[in-house]
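Peer 1: Read off the chains here:
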Amino acid sequence: MGRDSIEGDSEMAKYLLLKHYRGAPAAVNDVPMDQWTQDEITAHLQYMRDFATKLEATGEFVEGQALAPEGTWVRYDGEGKPPVTDGPFAETKDLIAGWMVIDVDSYERAVELAGELSAAPGKDGKPIHEWLELRPFYGNPPTITE
Amino acid sequence: MDEALLRSLTPGVIGVLVRRGADFAAAEDAVQDALLEAVRVWPDDPPRDPKGWLVTAAWRKFIDATRAESARRRREELVDAEPEPGPASDTDDTLQLYFLCAHPSLTPSSAVALTLRAVGGLTTRQIAQAYLVPEATMAQRISRAKKTVSDVRFDQPGDVATVLRVLYLVFNEGYSGDVDLAAEAIRLTRQLATAIDHPEVAGLLALMLLHHARRAGRTAADGSLVALADQDRSKWDTEMIAEGVEILQAALARGRLGEFQAQAAIAALHCDAPDAAETDWVQIVEWYDELAELTDSPIVRLNRAVAVGEADGPRAGLKALGELDESLPRYTAVAAYLHERDGDVQTAARLYTEAAKKAANLPEREYLTRQAARLNRKSPPHP
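Keeping their order, the protein sequence lines are chains D and B. According to numbering that gives the first Met the number 0, the first sequence is numbered sequentially starting from 0. According to numbering that gives the first Met the number 0, the second sequence is numbered sequentially starting from 0.
Chain B extracted, bound-state conformation (with noise of 0.2 Å):
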C-alpha cells in the first residue's frame, strides 16, 4: 500500500468534510479513523478512487460519533446538505489546512503537532516517537491545538510566514524516531509550492533539499558529526542538489528575495564547490550581509564572521566576530575556530573546551571536544 499517497490525501478529505458542514476538530479525528482503516482494509482491497473511499469512510466516521440527540437533528441537516460538494478545489482546501494548523495563537510547538497529523496524515503515535513524548502528552498537545484554532474561520487567508516557520522547525529536528522529519518537511514543502505560487516557499524547498542532499556526508559512520569542510562530498545526492538549484534560480528570477532565498543561495554555493578551499566565500559573504538586511538576526552575523575568515582571512574574520555579542550560540565554537587558523593552537584549543561545554546537543559536544583533545596533542597547554 502507497502510504505517501495515502497521507497526502489526508488534507483534501479534511477539506471535504469542514464544507460539508463538520468542524475542524471532528473531521480531522474522522479522517484520522478513516486512515488507519485504510491502512487495515487497502492492503487486500484496494479502492478504485482512493479519495473517494476516504471521504466516505470519514463522513460515515464523523456521523457515527455525532450520536447525541443534539447532534442527530444537527446530522439531519448535513445530510440534507451533504451533496452540494462546494466550489472550493482541493487546493484551497489543502493550503487552508496548512495556515489553519500554523495559525499564530498556537506555540511552536503546538503547530508542529497539528501540522503533522491533519496535514502530514501522520498518526499521533508516530508523532509522540518523532518528538520523543508519551503517546497520551501528544494527544493533549494535538487536542488541545485544535481547541486552540476552533474559532478560526476555515476560509480565512493565513500567513504564509507562520507556515514556513513551522515547516522549518520539523525540518531542522532531523529524525531520531520511526518517522524522517526532514523527509516529511520536504514532501509537505513540496505539497505546499503546488497549492501557493510563492517564492519564499520555493526558497525554503530548495533550501531543505540543498540540506538534505548532503546528508550522508554529513555524519560518519560512527554517528560523530563531519564538518563541512572535512566531508566527502562524493557521497552528496547530486540529483537533489540540480533540483534545489533548480528551484532556487527560478524564485530568485521573480525578484523578491526573502530569508530562505538567501539561505538556500548560501547552501548552492556550498554544495557547487568541489572543496572547501575552492568554496566561493566572497560571494558567501555577500549573501550573508543580504540575509543580515533581511532577518537583523544576530546568528547571521555570525555565521557571516565564519564566512569573512574564509574570504578574507582568521585576522578579519575574528575582527568581524568582535563585534557581536559573546553570549551567543556557538560564539565561543567560532572563536576555536578563527583562532586555529590564524595560528594560535593553544588559545583555540582553550576555546574549543569552553565552547564543548556550552553546547546544545550531544554530537556537537563531543566533535568539539575531539577538537580541543586534537589540539592538545599537537601543544600541550601550559601548566
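One chain only, chain D, in its complex shape (with noise of 0.2 Å):
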C-alpha cells in the first residue's frame, strides 16, 4: 500500500493551490485591491488569466474556479425537517476564495507553480506575495504494493 513501489519516486499528481479571502498569513504587499489603481487591477487579472493559459499549454492545467466570499451554512435537522441554515459567520477564520487545480510531474513544480502564482502583481505593480496553500490530492493506490 501507499508509494512503496521501487519507483515510488514518481510523484505525478494533481494539486490545489488554494487562495484565501482571510486566514492566510499576511502577504507582503498587503494592500487590498479596492486600494489599486485601475491599471493595477488590469494588470492583475491579465496576470492570473495568463498564469491560466500558460498552464493549458504545458499540459498541466486541470481547473480554477473562484468563491462568492459570502455563503451559508447547512445541516440536517431530523426526518421531514428542512435542513437548518445558519450563517454566514462574519467570525469565521478561515474564507476561501478560489483554487487551481493542477497535474504535474513533481512536487517541486508544484511549489514552483504556486510561487509563481503568488507573484501576481498588486499595489504599485509590485508582487502581492500572497500565502497560497498547496494541497496534495488522494490518487489511486498504486497496484504493486509489495
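Accuracy of the hints is not assured; some may be wrong.
With a Cα cut of at most 35 Å, we get these calculated DSBU-like pairs of lysine-lysine [what the hints assert, rightly or not]:
| no. | chain 1 | residue 1 | chain 2 | residue 2 |
| --- | --- | --- | --- | --- |
| 1 | B | K357 | D | K53 |
| 2 | B | K356 | D | K13 |
| 3 | D | K53 | B | K318 |
For the record, the hints were derived by calculation from the structure and aren't laboratory data. No experiment lies behind these values; they were computed from the predicted model shown.
Build the complex: two chains, separate frames, hints provided.
Peer 2: Next comes the structure, spelled out in C-alpha cells:
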C-alpha cells in the first residue's frame, strides 16, 4: 500500500492551489484591491489569466474556480424537516476565495507554480507575495504493493 | 469490431509513414485520424487487410494535412518515393516507437501520455479520462511531448529501462476511468516482449501478471482495500498466475537478474502460498536482499522489514525497521503493523492513526483508520 513500489520516486499528482480571502498569513504587499489603481487591477487580472493559459499550454491545467465570499451554513435537522441554514458567520477565521487544480510531475513543480501565482502584481505593480495553500490530492492506490 | 486488433496495429502503421518520409508528429496525427475513421467505417465494411487499409487511410490523411505550397513540393517528392516500403520490419518499427515515446528528454507524465496514444492507439479523450484531466490539457501535453522528441532520430537505439519505467507507471495507476490502464499496460508490455528479447521485459510482464491476477481479491465489494493476509485467495486468477510464473522462470533461467525479475519473484512467492502463514517468508527476505543490492531503494528495505517480521518475528522486523529513515512513505504503517504483531496494541493503535494522516490515497487512509479503530475497541487508549 502507499507509494511503496521501488519506482516510488515519481510524484505525478494533482495539487490544489488554494487562495484565501481570510485566514492565510499576511502577504508582503498587503494592500487590498479596492485601494489599487484601475491599471493595477487590470494588470493583476491579466496575470491570473495568463497564468491559467500558460498551464493549459504546458498540459498541467485541470481547473480553476473562484468563490463568492458570502455563503451559508447548512445541516440536516432530522427526518421530515427541511435542513437548517445559518450564517454567514463574520467570525469564521478561514475564508476560501478560489482555487486552481494542477496536474504535475513533481512536488517541486507544484511549489514552483504556486510561487509564480503568488507573484501576481498588486499595489504599485509589485508582487503581492500572497500565501497560497498547496494541498495534494489523494491518488489511486498503486497496484504493486510488495 | 476488434478494437484491440485496431490498436495493436497503431505503432506499425506509424512506422510505415515515418519510413515513407513523414515526420513522427505528423504521422502520429494522421494515424490517429485513420483510427477514428476505422472505428466509423469498419463495423459496416470490414477490410480484408486491416493494416493495409490503415496505412492507405493514414497516408491519405497525412497528404491532406500537408497542403501548403511548400508542403506540396515535398509531397510530390514523397509520392515519388512511396513504392519503397523500406527494409525495416513491423517489429523494428514498433520497438522504435516505444523508445521514442519513452525518450529520456520527456517528463514521466508526457512519456506516459505519448506512449498510450502512439503505441497504445488510445484517443486523447480516453487518456484524458483515465488521468482525470481535461481533454484540452491532455492534447497539449501530447503535442508538447511530440515537439520535445521531434529532433530524435527514429532509427536511434533506445534504452529499454526507460520504456519499462513508463509501462510500470501506467500499470501502477490502475484504473479510474473508462480505460483499464493496468490491462493496457499488460497489453503493451506483452507487445514489447514480442518485439525485443530481454529478461527484464519478461520480468516486468511477469510482475504485472502476478499482481493483476490478484486484483479481484484486493478490494472488497464496497471498494475498500483488503490486506494480502486477509484476501480470499480463491478469487485469484490461477491461469494468469501460472502464465506469470512460467514467463518469470524462463527469464530467471537466463541468469541476468534485474529489479523487475526480483520483484516478480517476490510476487510469485505470494501467489504460490495457500495463505499468509504458509508463505515462504525466508525466501522472500532473500529476494528483498537481492533487490536491495540491485536498486539501493529505501522503499525496498522498508518492505524487507515487513518480510523479516514474518520470517524471524516482529522484534526482528522492528529492528530492521529501526535502521531506516522515519520519513519514508508507509514507515509508520509498517511500524504499527509490527507493534501489533508484537502484542503492543496501544502503540500500534496510535501509530495506525498517525499513519492514516500520512496516507497517499483515500482507500489506504480508510484502511489504516479502520485498523486504529479495531485496536482502540480492543484496548481503549489511556486518557
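Peer 1: None of the hints should be skipped; say for each whether it holds.
Peer 2: Taking the hints in turn, this is what the structure says about them:
1. B:K357 with D:K53: holds, 32 Å
2. B:K356 with D:K13: Roughly 18 Å separates the two Cα atoms, so the pair holds.
3. D:K53 with B:K318: Given that 35 Å is the threshold and the Cα spacing comes to 50 Å, the pair is violated.
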